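Asks: Chains as they are written, first to last, in the numbering used here: chain A, 106 to 367; chain B, 786 to 1008.
Don't read these hints as lab results, they were simulated from the structure.
Hints may be right or wrong, so weigh each one.
Said to hold, decoys possible - Listed below are several chain B residues computed to face chain A (Cβ distance under 7 Å; list not exhaustive): (1) G854; (2) R855; (3) V869; (4) I957; (5) P958; (6) P965; (7) Y969; (8) A974; (9) N981; (10) V982.
Here the structure is a predicted model, which means the values were calculated and not measured.
Think of the CB as a built atom: it goes at the ideal place given N, C-alpha and C, for glycine as much as any other residue.
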Amino acid sequence: MKKRIAAGAIILAISSGCAAESGQEEAAETAEVSIAAASDLNPAFQALKDEFEAETGVELTFSFGSTGQLADQIENGAPFDVFASANVSFIDHLIETDDIIEESAQPYAFGRIGLMMKEENTGAAENIADLTSAEIEQLSIANPAHAPYGMAAEEALKASGLYADVENKLVYGRNITDAFTHIETGNADAGIIAYSLGIANEDGYDFILLDEELHEPIEQVIGVTSQADHPEEAQLFIDYITDGSGKETMEAYGFIVPEEES
Amino acid sequence: MADISLFPLFLSLRVALTATGLAILIGIPIAYYLHKADSRLGTLIDTLITLPIVLPPTVLGYYLLVLLGRNSAIGTFLEDTFGVTLVFTPAAAVVAALVVSIPFMIKSAKTAFASVGEDLLYSAEILGRSKINIFLTLTIPLAWRGIVAGITMTFARALGDFGATLMVAGSIPNETMTMPIAIYDALLAGDREMANVLVAIMTVVALTILYTINRLEKRVIQG
C-alpha cells in the first residue's frame, strides 16, 4: 500500500512537472528579451518591467546575479540578450572575447554610494568622518576585491584618510545586498552601500549620500550580447532606460543616467 | 509579495529525481567495482570521487561550465554534431545535481557491499548461479539498507543544490530556475515573505518524499 502511494506521488510529481513546462511554452509567442543584470538593479528593473512590456509588446525575463558571475556565464554561452553590468571592466572584457557587440555598449547609469544605518542608530554617523567614532563597532561594505560598490566604498574611505582607522571594523559582504543584510540584522552598525538600496529601503533606515568626488565614478555599462536571439528588441530595452520613459524610473531608484552622447 | 510560481518546485523535483536515477545507475556499479578493487587505482578513484564534496559548489559549477560550455571541446562537439547546447538548460541542472550527489551514493553503496557476507555469495556461486544473478538477487538485497541510505542522501543533496546549479544552468525564470535558486532570487530582491513561503513549500515536499523513502526501506526488508 505504502509502495503504491509512493509510486503514485512520484508519478504525480513528474507529470505535474511536464504539465508546468508545456504550459510555459504555449505562452511564449511574443518576442522575449532575456536580460542578465547586476543584483543592484533588481528593484529598478522590476519597477519598469510592466510599463516597458505594455509600451513595446516585448516580454522581459530577468536573471539577477553578481556581475562577475554573469560575465563568466555569458563568456561560456549563457543565452542572454542583454547584459547590464555594475562594472565597466567586465563589459570591456566581454567585448574583447567577442561576446558583447561593441557598438551597443554604453553607460546606462552612474552609481552613487552613501552611509546607511537603521533609524534607531540615527545620529551615530552624520558624515564619513564619524565612522571612526566608538559608536560604530562594525561597518559593512561589499567586498572591494570584486564588487564595484565595495571598491568605491574603500576608495572613499581612503580618500578621506579614514581607512587605517576603520580597517579593523570592516565587515565584507559578497555584494551590496549582503552588506545591507548585515545592517538589517544588526550585525553591522552602519554600512557604505549603493544609493539604489538606500532608496529601496527608505522605511526604517537613514541614508546619507557621500560626495562623488571621493571615489572613481561607478560607471555601469550595458550591452547587447553577440548571441542574442532578439538583438533589435534588446536594443529597444537599452534605449528605453537610457533615453526613453525608463530613464525616470532609473533615476528614481538612485541611478544617475548620463546624458545621451550619440 | 509577487505571485508565487510553482515552476521551480516541479523543476527541482524533476531534476532531483532524474539525477538520483542516474546516480543509482552509474553509482552502484562504480561502488561495486571499488568494493572489489584491491589496488592503488581503486583507492585513488575512491578519493577522487569524494572531491565534489570538498570543492565549494560555485567553484565546482564554474569548472563544469568551462568543461561543458560553448567554448569547450565537449560543448563545441555537441553543438556541431547534434545542434545541442548543454549549459543553461535543465539538463545542465541535472548534471550539476548528479555531480554533487553521486559521491554520497557511491560511498554508501560501497560500505553496504562490504557488509554483505561473502560466504553466502560463495555458496550461491558453487550452487551454480551466474555472477549477474548473484549481484541482482543476493548482493543488492543484502546491501539494501546502505543503498537506500545512499539514495536518500543523493536525492536530498540533488534537490538542495544551489551553487553548482546556478553557475552551470543559470537563473533563468521558467526554464532553469530551480527551487533553491528561486529562494535566493527572492532574497536578493528583498522579498523575505516570498522566500519564506518557498522555503516552507520546499521543506514540506522534501520531508514527505524522504519520509516515504525511509518507510520503503523498512518495507522491502520485511518483504
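Asks: Compare the structure with each hint and give your call.
Replies: Right, here's what the structure says about each hint:
Annotation: interface hint on G854/B holds; nearest CB of chain A at approximately 3 Å, less than 7 Å. Interface hint at R855/B: satisfied, since its Cβ lies 3 Å from the closest Cβ of chain A, which is below the 7 Å cut-off. For V869/B, the shortest C-beta to C-beta distance to chain A is roughly 12 Å, which exceeds 7 Å, and the interface hint is violated. Hint status for I957/B: holds, given a least beta-carbon distance of 6 Å to chain A, under 7 Å.
With a least beta-carbon distance of about 5 Å to chain A, the hint placing P958/B at the interface is held under the 7 Å criterion. Of the supplied interface hints, the one on P965/B is violated, with its beta-carbon coming no nearer than about 14 Å to a beta-carbon of chain A, more than 7 Å. Residue-level restraint check for Y969/B is violated (minimum Cβ-Cβ distance to chain A is 9 Å; threshold 7 Å). Below 7 Å, beta-carbon pairs count as interface contacts, and A974/B has one with chain A at about 5 Å; its hint therefore holds.
Proximity of N981/B to chain A is violated relative to the hint, the smallest CB-CB distance being about 15 Å (cut-off 7 Å). Interface restraint check: V982/B against chain A, minimum CB-CB distance 18 Å, threshold 7 Å, status violated.
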